[in-house]
Amino acid sequence: AYTLLDGQGRFRGLPQPGFEGRVDRLRRPDGTRIALADWQTAWGGLLAASETVEVFSEAAARLLRGAYPDLRNIKVTPHQLVHPVLPVEAPHGPPVIGVLGNINAHKGGDVVTALSRKLRRGQLVVIGRMAPGHGLARGGFEHGAYDVADIPALVAHYGITRWLVPSIWPETFSFTTHEALATGLPTYAFDLGAQGDAVRNAANGHPLELGMDMDDLLALLLEQPKRDAT
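Each position in the sequence shown, counted from 1, maps to that position plus 6 in our numbering.
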């Protein structure tokens, strides 16, 4: 499971050999299974023999070291935004939560769907698409495909006042998190992976507790942030 989510779709840290769940075992074409310990032994040899093992964030490096503590050849090379996003002026009006990108299960589809059931029409806008099985209730609106260059105009059009990055797995970089932060609007993300590091280190970032009560999450998203963007 490259997302590191368990069979219940939750992140509970790195799976441990001998205690792995069903999603942490690989089935060969002949039907036999490869245990996590065998998988890590095989890949550990390849990684150790490599000149460089390149990852895109310190968060990804921490995970890799957790699985392969003897690696000494990890190089962190963050991505650069392909299309820079300019800061925007926060719209005047009631709170509107923007969700940037295409949203499936590990990107937080259940979180977005649940929030849309608790909000009034137009209070949540997905700039992107929802995967099948993750529809929006009355409180949410799906914009569909977009160009990164259009983000400032979309913020103004929908009156987006803050962003939510609902991803529930530890992202290895998360372009959408960096794009949301670049607008200068308050940006909320669960405190794990590269998205958690990004919001924790940004003046307009707000880390959230993973698995927090949905009503508590909603209250945070609708209140005036304590740290406004500058």
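Derived by calculation from the structure, the hints in this document are not laboratory data.
Do not take every clue at face value.
Just the calculated beta-carbon pair ranges, DEER-fashion [what the hints assert, rightly or not]:
(1) 110 with 162: 23 to 31 Å
(2) 82 with 13: 29 to 37 Å
(3) 77 with 143: 21 to 29 Å
(4) 78 with 14: 32 to 40 Å
(5) 68 with 111: 19 to 27 Å
(6) 162 with 78: 43 to 51 Å
(7) 95 with 123: 28 to 36 Å
All residues carry an ideal CB built from backbone N, CA and C; glycine is no exception.
These are the hints, each one checked on the structure:
1. 110 with 162: 23 to 31 Å: 27 Å, holds
2. 82 with 13: 29 to 37 Å: 31 Å, holds
3. 77 with 143: 21 to 29 Å: Violated, since residue 77 and residue 143 (Cβ atoms, about 45 Å apart) do not stay within the stated range.
4. 78 with 14: 32 to 40 Å: Check passed, 35 Å falls within 32 to 40 Å.
5. 68 with 111: 19 to 27 Å: Taking Cβ atoms as reference, residue 68 and residue 111 lie about 24 Å apart, which means the hint holds.
6. 162 with 78: 43 to 51 Å: 49 Å, holds
7. 95 with 123: 28 to 36 Å: 30 Å, holds
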